[in-house]
Structures are given as structure tokens and as C-alpha cells.
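Engineer: Sequences and hints are given; from them, build the entire structure.
In this text, residue positions in the sequence shown follow the working numbering: the first is 110, and each later residue adds one.
FYI, nobody ran anything at the bench for these hints, they're computed from the structure.
Don't be surprised by glycine CBs; every beta carbon is placed ideally from N, CA and C.
Hints may be right or wrong, so weigh each one.
In silico EDC-like links for lysine to aspartate or glutamate, alpha-carbon gap of 16 Å or less [stated by the list, open to error]:
#1 LYS135 / ASP179
#2 LYS135 / GLU160
#3 LYS270 / ASP117
#4 LYS147 / GLU168
#5 LYS147 / ASP285
#6 LYS135 / GLU154
#7 LYS147 / ASP179
Label pairs and their calculated CB-CB ranges [said to hold, decoys possible]:
#8 THR287 / GLY197: 40 to 48 Å
#9 GLU267 / TYR193: 30 to 38 Å
#10 GLU142 / SER232: 32 to 40 Å
#11 GLY137 / THR287: 16 to 24 Å
#12 ASP117 / GLY146: 32 to 40 Å
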Amino acid sequence: MTIMTTTDWTTQQTSAQQRSLAGGGKSGVAHIEQLTGKSGREILEAMMAGELPYPPMNETMNMALLEVNDGHAVFQGIPLMQHYNPLGTVHGGWFAALLDSAMGCAVQSTLPPGRSYTTAELSINIVRSATHNTGPLRAVGTVIHGGRQITTAQARVEDEKGKLYAHATTTCFVFDVTAG
110 MTIMTTTDWT TQQTSAQQRS LAGGGKSGVA HIEQLTGKSG REILEAMMAG ELPYPPMNET
170 MNMALLEVND GHAVFQGIPL MQHYNPLGTV HGGWFAALLD SAMGCAVQST LPPGRSYTTA
230 ELSINIVRSA THNTGPLRAV GTVIHGGRQI TTAQARVEDE KGKLYAHATT TCFVFDVTAG
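Structural biologist: What follows is the structure in C-alpha cells.
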């Protein structure tokens, strides 16, 4: 088993962001014509390669999609001072965004062309606080059940030593995409 350091994780996130930009990527929202005929996984891979825009919130939340496979997605974020709540720690919304992104992309990775999803329910447990000194945190999302209309997934947020910070489950509503 290879032990990764904070430097390795930070480098991995920076590389993912640079790979997207090198492919001509920028933040934004893809047009339906760009998505037509692509599976959920193909859409995510195109975002990672910079062929499709990546979500603007990735910049706001300082996070990136690192890997995707069928029913599996890994997001990483590095909390910053701009993500603080009034109590001096990272706001729960930052954790929610990281977890929802990992689980949502895990769900999306299983969808055929012409299908999409939206989060219907999100349940989060934050078990450890984080600060800007915590370093990179990684959310690994996996699909638990994939159905025609309802798909469930789970995710955990851990640091490079495997220390748990938060965990979550989601229920996503799956539907057909209609043009316009």
C-alpha cells in the first residue's frame, strides 16, 4: 500500500485542475448539444479533460474531480479561510458540497445517454472540524443502489492519513433529459 502525503494530494488536485484547463476547459455550464449522446461517465471524463466546462462552484469551493469510474467518483478539496463559519472552522456547507459532488458524480457515472439526476435527499454527519491548516480532504462517493428512478449513494471525507471528517448518504431522482 502506497502512503500518500499532503504534498502528494495537493499536487494531485493541482494536476487535475491544470489538466482540465490545458484541454481548453473553463468553468461554466455545458449546452444540451454538447451532452447529447454522451453517457454520464463520458460527460464527467470530458469535463476532466477540459472538453466540457466544469462547474463554477469548483473554483468557489476549491475542489476538483480527481477520478471517476462506474458507480465511483473521487473529489478533493482544500478548505480555505473563505470557507469559514463564524465559529472559526470550515462551514458545514463546504463539507456538503464536497460530499454531494462525490455522490452525485458517482450516480452520474452510471447513467446512459439521455438520462440525468438531481439530489432528492442529502444526509450528512460531520464528525471532525476542519480549518485552512487541515490540508486536502478527499470525498469518495459510491453508488449503493441504482434504479430506474431512484439511485442511492454514500461518501466519506477523509484526510491523507485516513482520518474521517464527515460521511453522508444521498437519494437521487433519475429522469430522462428532454431537449429545451
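Engineer: Run every hint past the structure and note whether it holds.
Structural biologist: Right, here's what the structure says about each hint:
1. Between LYS135 and ASP179, the direct Cα distance comes to roughly 25 Å. Violation of the 16 Å bound is thereby established for this hinted pair.
2. Between LYS135 and GLU160 the CA atoms are separated by roughly 9 Å; this keeps the pair inside 16 Å, and the hint holds.
3. Note on LYS270 and ASP117: the hinted pairing holds, with a Cα-Cα distance of about 12 Å set against a maximum of 16 Å.
4. About 25 Å separates the Cα atoms of LYS147 and GLU168, which puts this hinted pair outside 16 Å; it is violated.
5. Taking the CA atoms of LYS147 and ASP285, the gap is about 13 Å. The hint holds against a cut of 16 Å.
6. With a C-alpha separation of about 14 Å, the suggested pairing of LYS135 with GLU154 holds against the 16 Å cut-off.
7. Between the alpha carbons of LYS147 and ASP179 the distance comes to roughly 14 Å, so the proposed pair stays at or under 16 Å and holds.
8. A hinted range of 40 to 48 Å for the beta carbons of THR287 and GLY197 is consistent with their spacing of about 46 Å.
9. Between GLU267 and TYR193 the beta carbon distance is about 21 Å. The supplied range of 30 to 38 Å is therefore violated.
10. For the pair GLU142 and SER232, the beta carbons lie near 36 Å from each other, so the given range of 32 to 40 Å is met.
11. Take GLY137 and THR287: their Cβ atoms lie about 21 Å apart, and the range 16 to 24 Å holds.
12. Remark: the range hint 32 to 40 Å for ASP117 to GLY146 is upheld by a beta-carbon distance near 37 Å.
When held up to the earlier numbered hints, the structure conflicts with 1, 4 and 9 and fits the remainder.
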